[in-house]
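Please take these sequences and the hints and turn them into a complete structure.
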Amino acid sequence: MTYLHNIGAYFLMIAEMFRKPTKWSVMKNLIFKDIDDLVIGSLGIIAFISFFVGGVITIQTALNITNPLIPKYLVGFATRQSVILEFAPTFTSVIMAGKVGSFITSSIGTMRVTEQIDALEVMGINSLNYLVFPKAVALMLYPFAIAIGMFLGILGGMAACVYGGFSSLEDYIFGIQTDFIPFHVIYAFIKTFVFAFVLATIPAYHGYYMKGGALEVGKASTTAFVWTSVVVILLNYFLTQMLLS
Amino acid sequence: MIEVKDLHKSFGDVEVLKGISTTFEKGKTNLIIGQSGSGKTVFLKCLLGLFNFEQGCIAYDGKIFSELSEDEKRDLRGDIGMVFQGSALFDSMTIAENVMFPLRMFTKQSKSEMQDRVDFVLNRVNLSDAHNKKPSEASGGMQKRVAIARAIVNKPKYLFCDEPNSGLDPKTSIVIDNLIKEITEEYDITTVINSHDMNSVMQIGEKIVFLKNGLKEWEGSNKTIFKTDNTAVTDFVYSSELMKKVRQMYIEERQ
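Each protein sequence line maps, in turn, to chains D and A. The first sequence maps to residues 1 to 245 in my numbering. The second sequence maps to residues 1001 to 1255 in my numbering.
Don't read these hints as lab results, they were simulated from the structure. Model, not experiment: these values are computed from the prediction. Each hint should be verified, as a subset may be incorrect.
[Stated by the list, open to error] In silico DSS-like cross-links for lysine-lysine, where the CA-CA straight-line distance does not exceed 30 Å:
# : chain 1 : residue 1 : chain 2 : residue 2
1 : A       : Lys1063   : D       : Lys28
2 : A       : Lys1045   : D       : Lys20
3 : A       : Lys1073   : D       : Lys211
4 : D       : Lys72     : D       : Lys211
5 : A       : Lys1245   : A       : Lys1026
Next up, the structure:
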């Protein structure tokens, strides 16, 4: 019953988020601030993880290709497919559920604990629109961060491949160009848009409706991370089934 | 003026407010007092519309709150200023930005007009040199004064204060009490203060509503509270040694 209640309350929150919009002159600044906090502030960790995980994918693939009949360019091909289809959109989103998600839950949760949300409501401001909507809009730029992650993942793979001596630069580049299907990138971006909305709203829900003090803010952050990750993984399954099968 | 009739509020099976009726008058400082757990904060949150209640009605200058649409309720809230117990200042903003916030949200004033108004109210609460400080850099008393400045910046008709003196030393408490009283008279607004500070009761309690176990036990003013025979009120008022001595002196003076 609690799960059903939470699912219902979550969708009511989404509906309420679009009612009684905040003045554009104020909302604009909130969106820019959230772009800075949530997207630009995450570029460093996305770049770092993408580059090295791309390298690891390449090494693992190369080490597992022991049959001399398998062409060397397959390393580049496998890295590209892994990074574009799964690593960049899904794996990075799970990591972002921890970074961005806990930031959103704890910042909104702290505002709840310190009565700042009550202060907004008393002033007649739609606090959900003021707090959650700009985050959802800001995270619509998340696919750009993921595009950078894709590029750096493949670049990291190339560096590991060439400097690790697994194949030549030409083979790797030939591999990443082989059988390229542009829809795979579109599929990855569709997933990323959906994940971005989930990353903004599920942690916001857990922060907004939390009760208690500082300890509960920590618990809400953990719960938000778990549920955001679960929803990202489930949606990944359903979207893959719908878009690729 | 705010009129409350037969207000009932429960949380599950626990009835917290058991039918409170009273009137908060315009241009006066109205105090809600009572022990912890008597229902003061719940009552205040019902008045503010932060809690829904099961029975009764609240009328703001004749407008019955529960009969208003959501948009009308939000418009009415534009006429309400609130000072929260913990000040509830926005951490990410400076003190000047906190005070300017209601103006940015609800008025079409130019930036210079808003700045002038912020300067005026910060000056009014004796914080003319604190514009660029963050709330975390301000003392408890300063934070309370900023919260008052934010509450009055948009010229509200109703001012609510939830324990404005909690966590403050007696001297700063007096400053805050005087400030609230002066502002109430100056702007001719309806002020409702939730308190259990006896200094406030004595100093600014022009109208006092005493709550006990979710019921209105007594109603009066700071002039009548010391004469009442209501044992619940006297037990509360004279619970401290200081107040017992004050009462003793009062009785001796009369004899």
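Hints, verified against the model:
1. A/Lys1063 - D/Lys28: violated, 34 Å
2. A/Lys1045 - D/Lys20: holds, 22 Å
3. A/Lys1073 - D/Lys211: Status holds; Cα separation ~25 Å.
4. D/Lys72 - D/Lys211: violated, 57 Å
5. A/Lys1245 - A/Lys1026: Cα-Cα ~34 Å, so violated.
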